[in-house]
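Engineer: Sequence:
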Amino acid sequence: MAYGGQGQKVQKVMVQPINLIFRYLQNRSRIQVWLYEQVKMRLEGCITGFDEYMNLVPDDAEEIHSKPKPRKQLGMSVCLCNPSDA
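When we follow the UniProt record's numbering, the leftmost residue of the sequence shown carries the number 1, and every step to the right adds one.
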């Protein structure tokens with residue numbers, strides 16, 4: 001546990017993932033999505049929408065490959081995230 005300026009305990013609060021995604025949407029932050037089954041490819045873009053299942057709609061999206069071609073412009077696209085396959 002961390003301590004503040006005058007011996008006061010500072011408690012860290014866990015942020016829910018859906019709230020973090022909403023904050024990125026509001027700030028128009030550029031995010032990078034790491035893919036679970038395609039570890040050599042990532043998607044990068046600004047979130048323009050999402051739903052309760054955390055499916056993302058990035059704008060100005062790019063595919064980032066770690067091997068031969070580093071980037072590929074995608075424009076606006078839809079990312080479907082299915083966490084129920086666990």
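Note that these hints are calculated values from the structure, not bench results.
Note that the structure is predicted; figures quoted are calculated from it, not measured.
Don't take every hint at face value.
[Said to hold, decoys possible] Listed next, the in silico SDA-like pairs over lysine to any residue satisfying Cα-Cα at most 20 Å (straight line):
| no. | residue 1 | residue 2 |
| --- | --- | --- |
| 1 | 67 | 44 |
| 2 | 40 | 21 |
| 3 | 67 | 29 |
| 4 | 40 | 65 |
| 5 | 40 | 17 |
| 6 | 67 | 33 |
| 7 | 67 | 39 |
| 8 | 40 | 62 |
| 9 | 67 | 32 |
Engineer: Checking against the hints above, which ones are violated?
Structural biologist: 2, 3 and 5
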